[in-house]
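Residue numbers (full-length UniProt numbering), protein chains in the order written: chain D, 1 to 205; chain L, 1 to 205; chain S, 1 to 205.
If you are wondering where the hints come from, they were derived from the structure by calculation, not from laboratory data. All the pointers check out, no bait thrown in.
Below, a sample of chain D positions facing chain L; criterion: calculated Cβ distance under 7 Å:
(1) Phe112
(2) Val117
(3) Thr198
If you want the footprint, here are the derived chain L segments under chain D, 3+ residues with CB under 8 Å:
(4) 18–32
(5) 47–58
(6) 134–144
Beyond 12 Å from chain S on every Cβ pair, some chain D residues (computed):
(7) Phe156
(8) Leu163
(9) Tyr192
(10) Gln195
Backbone N, C-alpha and C define an ideal beta-carbon position, used for all residues, glycine too.
Read off the chains here:
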Amino acid sequence: MESIRIIDIVGTAAFSIAGVSAAMEKKLDIFGIFIIAFVTALGGGTLRDILVGKVPIGWLSDLSSGLIVLLSTIATIFFKSVIKNYHNALLFFDSIGLGFFTVVGIQTGISFELHPVGCIALGTITACFGGVIRDISLSNIPLIFEKEIYATTSIFGGVVFFLLMKMGAPKMLFEVVCLVSIVILRLLSVRYHWQLPTIWKPEKS
Amino acid sequence: MESIRIIDIVGTAAFSIAGVSAAMEKKLDIFGIFIIAFVTALGGGTLRDILVGKVPIGWLSDLSSGLIVLLSTIATIFFKSVIKNYHNALLFFDSIGLGFFTVVGIQTGISFELHPVGCIALGTITACFGGVIRDISLSNIPLIFEKEIYATTSIFGGVVFFLLMKMGAPKMLFEVVCLVSIVILRLLSVRYHWQLPTIWKPEKS
Amino acid sequence: MESIRIIDIVGTAAFSIAGVSAAMEKKLDIFGIFIIAFVTALGGGTLRDILVGKVPIGWLSDLSSGLIVLLSTIATIFFKSVIKNYHNALLFFDSIGLGFFTVVGIQTGISFELHPVGCIALGTITACFGGVIRDISLSNIPLIFEKEIYATTSIFGGVVFFLLMKMGAPKMLFEVVCLVSIVILRLLSVRYHWQLPTIWKPEKS
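Only chain D is shown next, with the shape it has when bound in the complex (with noise of 0.2 Å):
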């Protein structure tokens, strides 16, 4: 259970920074930057906890979610120009962010006996659409439906997820295969710079 914490406080604090890197290119203040990497991390999780009808919202009475956020922007603010030189950390840790937020969010689709469909689509607005509310919030067009790869990967994880259960694996297993897989093929994508066919000519750049 220590290690599960573990890896959602590492979720969470990924989020956030990418929530508060947003939010700075914006100039936003100090209290729009915190309020933009809460929504990062912790929006998803509530549009989720709100289309099931899971109320009131988890983060009104634990607070602890907030505290990380909160945490992770003053970390951010105050040291952006090292955390900067770690970007490769960072998007290791936002890849883990990815696969977890998605695994919690398919288990939140099957406490309520959710068609697996409905549960891989939970779990893919736990993980991805937290990042879809900051870009909305600062007028920008929703990275992840422009030009990555980033939901699809959440998707796969959950077909992985459906498909080793189907075949009987133990829960633990394809828990942890579903968030594995996501993490390897985000860090891949990233890597080889795979994309989402579009409709359009590629322009030169």
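Once you've looked at the hints, dock chains L and S against the given chain D.
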């Protein structure tokens, strides 16, 4: 009942196609296009269900709506040059969607014993706010806030609905009349370029 | 109780007028202006109720809030040149709205037995996030993320609320002191151009 199912499919497909077109203008990748189509077709109903607390949201368990969106998206991407030529048919189907989703939203309100004005608000939200969420997601100002008599048509249909109900008309009748009157008003307003008044002097364009 | 009702009306009207002004800048039609006024005045409370699961949302059944928004919208459209001259009165009413909605949000949190920090978050969401949804809908970056000490004032009032509560003050007292201290801090911060620190060097402008 079968005819209701067909109207639902027609409306969902027409809304999805409108979503795909808007997403293509912003050059999203295929995942982004699907999500925008999904939001356009099902976002209004999702917001309605969140506002009344009808959760878990239906499309998490019943995959048929999502499947219609998926098929419409694929068809639109592959046959976009063909579909473009059916502008009038699309407008007609879109009007049917506007009318049908208004009726569905009103019925939800009635089942929660809301005030008629609240029911009409839910009808308009169901029919129009998928497009609003789509436009906001794409960093556009929502189209229906700017220049078309779109939402007003839905409200008009809702008023017709409750007027007939108060007059003691049979349920089937005022549902059909509501839907048909929305379709007719929508087609007329497009044909004759009806608009809501704005408060500014019109610019020459 | 009567005085509470009047404060509620004053706050809702002031928020609506702020919404109408923002919508007019973007040259929306009258439907769009009303929706933006509605979202500005009632969007924060709606988000609060969704987060705690207090559904169906109140304004679907109780039409009084919607009516205040409607009347404020009409009045602002017809008398905008007059209203513009009452800038200080509007600021005062807006401050009252900020304080009142903060108290209402905190009370909702208490009734759901949330942690004080969760209650203060709900207070701030109630008072400030209508404006956030308005700004996002109009493709603006939310004003309160950028340069005003607006949300912070609401948070400050929330802290005052719980400090007095812990000290055993009577309920009526800490509600009134919370509201009044928010109004005073808000007026002072506008008068003396207080801002939250940003992390960038200020540009000359």
